[in-house]
Amino acid sequence: MIIAMTGQKGGVGKSTTAICLAVAAMDRGRRVLLVDADPQGTARTWGDVAAEQGHHVPTVIAMGAHMHKPGQLKAMAEAYDDVFIDCPPRVGDVQRSALLVADVALFPCGASAADAWALAASIEVLAEVRAYRENLRAAVVITRKQGRTALARSARAVLEESGLPVLRTELGARVAYQEAIAVGLGPTRFSPRDPAAREVFALFDDVEELAHGTQERDGLASQAAAS
Numbered sequence: 001m002i003i004a005m006t007g008q009k010g011g012v013g014k015s016t017t018a019i020c021l022a023v024a025a026m027d028r029g030r031r032v033l034l035v036d037a038d039p040q041g042t043a044r045t046w047g048d049v050a051a052e053q054g055h056h057v058p059t060v061i062a063m064g065a066h067m068h069k070p071g072q073l074k075a076m077a078e079a080y081d082d083v084f085i086d087c088p089p090r091v092g093d094v095q096r097s098a099l100l101v102a103d104v105a106l107f108p109c110g111a112s113a114a115d116a117w118a119l120a121a122s123i124e125v126l127a128e129v130r131a132y133r134e135n136l137r138a139a140v141v142i143t144r145k146q147g148r149t150a151l152a153r154s155a156r157a158v159l160e161e162s163g164l165p166v167l168r169t170e171l172g173a174r175v176a177y178q179e180a181i182a183v184g185l186g187p188t189r190f191s192p193r194d195p196a197a198r199e200v201f202a203l204f205d206d207v208e209e210l211a212h213g214t215q216e217r218d219g220l221a222s223q224a225a226a227s
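With this note's numbering, letter number 196 in the sequence shown gets 196, and the count goes up by one each step, no holes.
None of these hints come from the bench; they were simulated from the model. This one's a predicted model, so the numbers in the text were calculated from it and none came from an experiment. Any given hint could turn out to be false.
Stated by the list, open to error - Derived Cβ-Cβ restraints for the label pairs, each shown as a range:
| # | residue 1 | residue 2 | range |
| --- | --- | --- | --- |
| 1 | G71 | R44 | 20 to 26 Å |
| 2 | P70 | A182 | 37 to 43 Å |
| 3 | G41 | E179 | 16 to 22 Å |
| 4 | G41 | A114 | 22 to 28 Å |
Just so it is clear, CB atoms sit at the ideal spot from N, CA and C, and this is done for glycine as well.
Please work from the sequences and hints to get the whole structure.
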């Protein structure tokens, strides 16, 4: 799978989600490539910290607006089972390039109406790319959810009106995510019994289902999370 973490809004957890899913994929025995396409370089910095600490982590590389070109990411991806692309927080050539090469586009989105509204421009870009790649699958993943709140429920309702499926797994606003990233790990390794670890593994399963079409077929994407 080639999975692009995309979306116009910053601060919604694209880098964190990409890193956490990449580590979870490795925990499942997959060969993983993590592509840092964000000039902020969060994934690359995380990879440097992990290397300094001696952690076994995915291969981390930097790529930009030409990753969809012949001989670029597709050629590199042949050596891996899963590729996760961390896109910059704005619509532009890098996001388009990522969508042109990805199998799945994930739109991490905070659990607020304002975050949901910010998806509009990104969905327009997705529609443009789907004119060329109609098999490109896409979904929203809710991040930084504040428990069982009315705000979170209303945000899901707004997101479900965006035209994209909303994955059943939601990532909570948990300190384990920040603590794990800070030491070059993901929550599945940093604190395997923490709810964050369970969320990440569940999200990875959701993404696999989406990639194979079972999320949409079984209607799972629109279900509310159980936690």
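These are the hints, each one checked on the structure:
1. Checked against the hint of 20 to 26 Å, the C-beta distance between G71 and R44 comes to roughly 22 Å, which is consistent with it.
2. With their beta carbons about 38 Å apart, P70 and A182 fall inside the hinted range of 37 to 43 Å.
3. Checked against the given bound of 16 to 22 Å, the beta carbons of G41 and E179, roughly 20 Å apart, stay inside it.
4. Under the hint 22 to 28 Å, the C-beta atoms of G41 and A114, about 26 Å apart, fit the expected range.
Hint check: no violations occur; every hint is consistent with the structure.
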